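Turn these sequences into a full structure, and let the hints steer you where they fit.
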Amino acid sequence: MLHFVQLVVTGLVIGSVYALVALGFVLIYKATSVINFAQGEFLLVGGYICLWLTVDCRVPFIWSFVLTMGFSVILGLLVERMVLRPLIGEPIITVIMVTIGMATVLRSLVTLFWGTQIRVFPQIFPQEPLSVAGIVISKVYLWTMAAAFIFMMVFSIFFKYSRTGIAMRATAADQQVAQSMGISVKRIFAVSWCVAAVVSSVGGILIGNINGINITLAGFGLKVFPAVILGGLDSIPGAIIGGLTIGILENLMGGYLDIYLGGGVKEVAPFIVLVIILMIRPYGLFGTVEIERV
Amino acid sequence: MPSGLFHTNYEDDEKILQTLWLKCWMWGFLVFLFVVFPNVASSLSAIFGINVLHMANMIGIFIIGAHGLNILTGFTGQISLGHGAFMGVGAYTSGILFMKAGWPLWLSLPAAGLVTAAVGMIFGVPSLRLRGLYLAIATMAAQFIIEYTMRNWTSLTGGSAGLNIDPPVIAGLALDTDKRYFYLVFVLVVASTLFLKNLLRTKTGRAFVAVRDRYLSAEIMGVNLFKYRLLSFGISSFYVGVAGGLFAHYNMIISDEHFTMWLSIQYLAMVIIGGLGHVLGGIFGTIFMVLLPELLRIPSQALSNVYPNIFAIFGTLRELVFGVVIILFLIFEPDGLAARWHTVRAYWKLWPFSY
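Sequences listed follow chains V and B, in order.
Following the numbering used here, the numbering of the first sequence begins with 1 at its first residue and continues without gaps.
Following the numbering used here, the numbering of the second sequence begins with 1 at its first residue and continues without gaps.
These are computed hints drawn from the structure, not numbers from a lab.
Take these hints with a grain of salt, some might be off.
Quick partial rundown of chain B residues pointing at chain V, CB under 7 Å, derived from the structure [what the hints assert, rightly or not]: (1) LEU133; (2) LEU263; (3) ILE265.
Beyond 10 Å from chain V on every Cβ pair, some chain B residues (computed) [claimed, not checked]: (4) GLU14; (5) TRP106; (6) LEU107; (7) ASP166; (8) ALA171; (9) ASN251; (10) ILE272.
If you're wondering where the values come from, they're calculated on a predicted model, not measured in any experiment.
Backbone N, C-alpha and C fix where the C-beta goes; we use that ideal spot for every residue, glycine too.
In structure tokens, the structure reads:
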């Protein structure tokens, strides 16, 4: 039982980061209908920039966090302006492929600058773990979860009430109508990519604080796919619930099945879940069901 | 004398090689490929400093796979991020049947194709109800699941230590040199290209193109979407499975490291750079993608005096260039090399009267 609860708690923490990254993913999909395969690389770049500033440049963690956010905004803008904008209106295969190409470029740039060795953040959060009723939770986990939820809250409020957020939702609903109401769709696209880059790099920094950073962190970004498919590709609450569920599921499956299947179940379990969801309920829990009949 | 092609009967119109000129070129090319090239390859290797026959064999194997992906992505409009893993399924099937069950090559290679087709169709099923982007995600999941199976089903696949495979024997002749294998690979390349070219002229091929261009209209016209998408997935996986089998026997050792996501991405890059929906696209794209690392080696060698550690980062550099090339192609030449080839050819055909 204790083992079970421990796994669930760990899953919840990892899941909250999935949820955060999935939020950025869903946002891009909603506003621009682009599937971003470079989400994991945004995570990687954010994590490395923050690590580099903190460790190599000796900037206090808070400031390097803020600087990383600034950098992510620039990265999002650059990517949108240089790579995605020329492809507006192109077939979906082209757009998917260009994000894959972008992922390759970002990943190899990271390798060129920082190598492939695993690197760890200096101790930022207090070391001694918290123990509640026999369940051990390290402080980093609590902070991670708290930070993830704060960011999710901030962005949810931003979408719901701010002027830009409303414009973004309008664009997601119908680009042409939004444009005719005086919304600059180009600007909304740029903002979407910025927000996605920012939430991803927050995710990267949080995960980096738990496990350290190396190039395999990019694979973490691919796990948002099961999360968003479970929640529904175009649903923000879906992304959050999907992220948490996938986090818990992968930890449970890893914890209980690893001994039978010989390790690494955690890495593949989300994708098995993904295939099952696509078989049963392809539009996820909260996604818009598109009915096409002939 | 007519200034152009004017067909007066249907037989002429349906010919693959429509003029005598093209026919001569094609036969000339085949003679060069099978008679001249293997014999001069060793001297070419000496000139360029690379093993030309080895490169040719790799190109041949990947052309078959790229044709497969082109059927799915280029002609049916379905994207697959799992063809690297599907190639692995073919490689392991052929290798295991050949080594452990003692099947001859001419049985194990088609079996590899069939098993891969079955696996591909299983992963194709859920997404057939859905649009392109869901298929991309489902096949990506397939990639990871198959990779995991290859790595962890140790009793069958040998795990990450890999599976050793002997060179195949055909009619008492062991195909253990590059030159002997060249004939096997390129006979299959020619056969697969011819099959693809003909497939597109059949009812099935036209249904694929209809599904790609506007699937709702295709369905209204009576094209069974489910059937043709699944069929396209099956044929495509068959091709890539055969390519995997050829790769297994050529490389003589296979492990999960050979069939990662990176290979799937390379396959996609091949068909996109070559030209989606062109038979020549798979061929041009594969040649480009296989030769690109070799071309990169030349400036690297020149730069190695200035930056001594350039070979340590060569793999990364190659990835970077791959990524940049993909992005540039998509933005500036979305129809790929095959379209460029057609423009150049049309230009020379009409020169100097280009209108």
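Nearest-CB test (10 Å) between chain V and LEU107 (chain B): Holds, because the least Cβ-Cβ distance between LEU107 (chain B) and chain V comes to about 31 Å, which exceeds 10 Å.
Minimum Cβ distance from ASN251 (chain B) to chain V greater than 10 Å, as the annotation requires: Holds, because the least Cβ-Cβ distance between ASN251 (chain B) and chain V comes to about 24 Å, which exceeds 10 Å.
Going by Cβ atoms, does ILE272 (chain B) stay more than 10 Å from chain V at every point? 6 Å, violated
Tell me if LEU263 (chain B) is really an interface residue toward chain V, meaning its C-beta lies closer than 7 Å to one of theirs. Hint violated; LEU263 (chain B) Cβ to chain V Cβ min 13 Å, cut 7 Å.
Separation of ALA171 (chain B) from chain V, once the least beta-carbon distance is taken, above 10 Å: Consistent with the label, ALA171 (chain B) stays out of reach of chain V, its closest Cβ about 42 Å off (over 10 Å).
Status of TRP106 (chain B), Cβ more than 10 Å from any chain V Cβ: 34 Å, holds
Say whether it holds or is violated: GLU14 (chain B) keeps its Cβ farther than 10 Å from all Cβ of chain V. 30 Å, holds
How about LEU133 (chain B): closest beta carbon in chain V under 7 Å, or not? The hint holds - LEU133 (chain B) has a Cβ within 7 Å of chain V, the shortest such distance being about 5 Å.
Given a cut of 7 Å on the nearest C-beta pair, is the interface hint for ILE265 (chain B) held or broken against chain V? Because about 6 Å separates ILE265 (chain B) from the closest Cβ in chain V, which is inside the 7 Å limit, the hint holds.
Interface-negative label, ASP166 (chain B) against chain V, beta-carbon threshold 10 Å: 28 Å, holds
Against the hints set out earlier in the document, violations occur for numbers 2, 10.
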